[in-house]
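**Q** One letter stands for each residue in the lines below.
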Amino acid sequence: MEEFDINLLPKKKIEKLPIRRKVFIWTIKYGRIIVVLFHLLIISILVYKLNLHSKLNTLSEKIESKSEIIKSLEDAEREIRLINLKVTTLRNLKKESFSPSGYTKLLAEKVPPKMLLKTVIINKNKIKIIAESGSALRFSEMLGNFSSDDRVKDVLLLGAKFSTEKEGFEFDIDIIINK
Amino acid sequence: MISRVAKTIYLLNKTEKKAYAIMSISFFVISIMGILALRPSVKIVTQYKKRLIEAKKIDKQLSTKIEALYDNANIVKQNYDKVQKINEAIPKNMSQDDILKRVFQIALSADMQLIKTDFNKLDEKEKNPATEKGIKKIMLIIDAVGKQDNIYKFIGNIENESRYINVKSFIIQKAEEETSVSINAEIYYSE
Numbered sequence: 350m351e352e353f354d355i356n357l358l359p360k361k362k363i364e365k366l367p368i369r370r371k372v373f374i375w376t377i378k379y380g381r382i383i384v385v386l387f388h389l390l391i392i393s394i395l396v397y398k399l400n401l402h403s404k405l406n407t408l409s410e411k412i413e414s415k416s417e418i419i420k421s422l423e424d425a426e427r428e429i430r431l432i433n434l435k436v437t438t439l440r441n442l443k444k445e446s447f448s449p450s451g452y453t454k455l456l457a458e459k460v461p462p463k464m465l466l467k468t469v470i471i472n473k474n475k476i477k478i479i480a481e482s483g484s485a486l487r488f489s490e491m492l493g494n495f496s497s498d499d500r501v502k503d504v505l506l507l508g509a510k511f512s513t514e515k516e517g518f519e520f521d522i523d524i525i526i527n528k
Numbered sequence: 296m297i298s299r300v301a302k303t304i305y306l307l308n309k310t311e312k313k314a315y316a317i318m319s320i321s322f323f324v325i326s327i328m329g330i331l332a333l334r335p336s337v338k339i340v341t342q343y344k345k346r347l348i349e350a351k352k353i354d355k356q357l358s359t360k361i362e363a364l365y366d367n368a369n370i371v372k373q374n375y376d377k378v379q380k381i382n383e384a385i386p387k388n389m390s391q392d393d394i395l396k397r398v399f400q401i402a403l404s405a406d407m408q409l410i411k412t413d414f415n416k417l418d419e420k421e422k423n424p425a426t427e428k429g430i431k432k433i434m435l436i437i438d439a440v441g442k443q444d445n446i447y448k449f450i451g452n453i454e455n456e457s458r459y460i461n462v463k464s465f466i467i468q469k470a471e472e473e474t475s476v477s478i479n480a481e482i483y484y485s486e
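From first to last, the protein sequence lines stand for chains A and B.
Numbering of the first sequence is given in the working numbering, commencing with residue 350 and proceeding in unit increments.
Numbering of the second sequence is given in the working numbering, commencing with residue 296 and proceeding in unit increments.
A hint or two may mislead.
What the simulated footprint calls covered on chain B by chain A, stretch by stretch (three residues with Cβ under 8 Å from a Cβ of chain A suffice, anywhere in the stretch; the number is not a length) [to be verified]:
1) 323-330
2) 337-344
3) 350-363
4) 382-391
5) 441-452
6) 467-477
By construction, these hints were calculated from the structure, which means they are not laboratory data.
Just so we're clear, the structure is a prediction, and the values are computed from it rather than from any experiment.
Think of the CB as a built atom: it goes at the ideal place given N, C-alpha and C, for glycine as much as any other residue.
Modelling step: build the complete structure from the supplied sequences, incorporating the hints.
**A** Rendered as structure tokens:
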């Protein structure tokens, strides 16, 4: 009996096949795995993207509702800002200003009686006094009183004259106040 | 370099050549698919993430602001008296009439006679670092006559007035029969 050899498999090895055939075999064997993996990756990215989108939507709604609340508090915010502005302004002004009653108190304490204060000009840094006195002693007492006070930085005698008409002395002094 | 690669390939056996060929083709396909399919998706996801981070930041800022506003509103409520005093010191309008009325009352209480009260709007170009934006000021000049002690009392009362009057300078002059005082002050109001 003759032996028949039916061989349905290609006789050629895969390396000897044409390139088209090789690519086809590769596509079936490995390409589909790669495609499936890529699809899984893209689907997972899509799911993640949907998750992010939903979170973003929720946050957007929250932000919108909070914006509405802030809008409703606009008047209160304006009032609070104005109050803060006023407080800052008052604080700064108090720092830079002086106490007029403090200066008048100083005058009342240091000027001896029977000294006639003809003109007193007071500002933050200085008290200018043009005074008349029948006695030079009273004037020197006044100078001494001012000089010995801690609030006074300097006492400047700008002018002094004796008036025969008034029979007394006229003085012009500047009292420099400590800062 | 190319001849060395060719020589190396020539030295490989058939199985190794097959494996390297499969690997090269696979990497090539992965790169193509990465560029065409993955890259746009990754780009979109990155953009979403960025927007989400920004939105979270804004949400946090808004929450902080709302909390601060409620806290401040409570503080204002609790310190209502002090807030009223501040509003009286620097009121919303200039209220020239009210100032005149008040100065007249102060002069009366100190037994002083009011001679003149003048308002001068200060030059807008004049800069005063003590006043903040939104607070305006005007110059007030008060001339009055009375006794010296009453003048001191008058000045003290102006200083203690609920509306803040910032005395910049004053001049006391003794004439034959009476003593006069001229006060230069600033008054403030908010817009």
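**Q** With reference to the structure, classify each hint as holding or not holding.
**A** The hints, checked one at a time:
1. 323-330: holds (count 3)
2. 337-344: holds (count 5)
3. 350-363: Coverage by chain A holds here, the residue count being 8 at a Cβ distance below 8 Å.
4. 382-391: With 3 residues close enough to chain A, the hint holds.
5. 441-452: holds (count 5)
6. 467-477: Satisfied; 3 residues make the cut.
Taken one by one, the earlier hints all hold for this structure without exception.
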